[in-house]
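So the protein lines, in turn, are chains A and B.
Using numbering that gives the first Met the number 0, the first residue of the first sequence is number 0, and each one after it goes up by one.
Using numbering that gives the first Met the number 0, the first residue of the second sequence is number 0, and each one after it goes up by one.
Treat the hints loosely; a few may be bogus.
Incomplete in silico selection of chain B near chain A, CB under 10 angstroms [what the hints assert, rightly or not]:
hint : residue
1    : Ile-8
2    : Arg-9
3    : Asp-25
4    : Pro-27
5    : Pro-38
6    : Phe-44
7    : Gln-114
8    : Val-148
9    : Leu-152
FRET-style restraints, in silico, Cβ to Cβ [to be verified]:
hint : chain 1 : residue 1 : chain 2 : residue 2 : range
10   : A       : Gly-17    : B       : Arg-12    : 23 to 29 angstroms
11   : B       : Gly-142   : A       : His-66    : 22 to 28 angstroms
12   : A       : Arg-136   : B       : Gly-31    : 24 to 30 angstroms
13   : B       : His-97    : A       : Val-132   : 38 to 44 angstroms
14   : B       : Pro-38    : A       : Arg-101   : 48 to 54 angstroms
None of these hints come from the bench; they were simulated from the model.
Being a predicted model, the structure only gives us computed values, none of them experimental.
C-beta: ideal position from N, C-alpha, C; glycine also.
Residue strings, one per chain:
There are 2 protein chains.
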Amino acid sequence: MAATSAVAIRRARHADVGVIVAMLADDPLGSGRERLEDPLPPCYFGRSRCSTAIRISSSCRGGRERHRYRCLQLCILPGLSSQGASRALIEDVRVASHCRSRGIGEQLVQWAVAQARAKECKLVELLTHQTRVDAQRFYARLGFAASHVGMTLRF
Amino acid sequence: MAATSAVAIRRARHADVGVIVAMLADDPLGSGRERLEDPLPPCYFGRSRCSTAIRISSSCRGGRERHRYRCLQLCILPGLSSQGASRALIEDVRVASHCRSRGIGEQLVQWAVAQARAKECKLVELLTHQTRVDAQRFYARLGFAASHVGMTLRF
């Protein structure tokens, strides 16, 4: 059942870093990239890591009172192309594993798209790993076209 | 022959906007998206359009003394994923048509990659349209992997 009620989506704070890193690590690709240790290593707390671009929402519902967490990173980037349009870049969309398939990821991405519109972007873009076929279907359902090749260089 | 000598790459200024828009418009996809008019329409000069992320270089060589222009947009984005890594996003790479195939596009992208390394990014990413097969080969030659699907939503 889709979660249709409005849940506040806010800037992530220092205190949210643990929850966000847990979501990033709870993922086929992220599990090999993150260090989910207690306490979290300092690399997650350096210069502006938890920037204003990272958004989170949590809601507490139902008898079990388990928090529903979700997060993404949304950057609004000014530019000259497309007649001086800004564009929005969405990255690191995650929904806590115990509350997936309830529409709250869609609600979060739709919020980001609405933010992009409100800031007069003409384009929202994202890269999704080729192995994330479900994610590609998800974004296609929200109107995204698989128009580009996403190329990466890792150091 | 590759242009191997160092040419200053600097932040684009208001006075560069005309040259940059001309390069953006001189492109199979860009020709339908830009308004290369004289004078340029105000949309290219609004709030921070020509942001600090846009870089340009020009050199003047040879008997004909024609300027060699090239530009790109480079954004360094902080984040939490990959152990709090920053990532670099490259967009709108263009080389003036009369000086393509001389290695100056490669020189520019290698400069951006070096900037990303210097700023301790772990990842450089870009989206290139599926029809830009030559561009994909170009980036693959520079070490980029076609690892992702680039998805876009245009308003």
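Verification of the supplied hints:
no., hint, in the structure
1, Ile-8, "violated, 16 angstroms"
2, Arg-9, "violated, 16 angstroms"
3, Asp-25, "violated, 12 angstroms"
4, Pro-27, "violated, 14 angstroms"
5, Pro-38, "violated, 14 angstroms"
6, Phe-44, "holds, 7 angstroms"
7, Gln-114, "violated, 12 angstroms"
8, Val-148, "holds, 5 angstroms"
9, Leu-152, "holds, 4 angstroms"
10, A:Gly-17 / B:Arg-12: 23 to 29 angstroms, "violated, 43 angstroms"
11, B:Gly-142 / A:His-66: 22 to 28 angstroms, "violated, 41 angstroms"
12, A:Arg-136 / B:Gly-31: 24 to 30 angstroms, "holds, 29 angstroms"
13, B:His-97 / A:Val-132: 38 to 44 angstroms, "holds, 43 angstroms"
14, B:Pro-38 / A:Arg-101: 48 to 54 angstroms, "holds, 52 angstroms"
Hint compliance for this structure: hints 1, 2, 3, 4, 5, 7, 10 and 11 are broken, all remaining hints hold.
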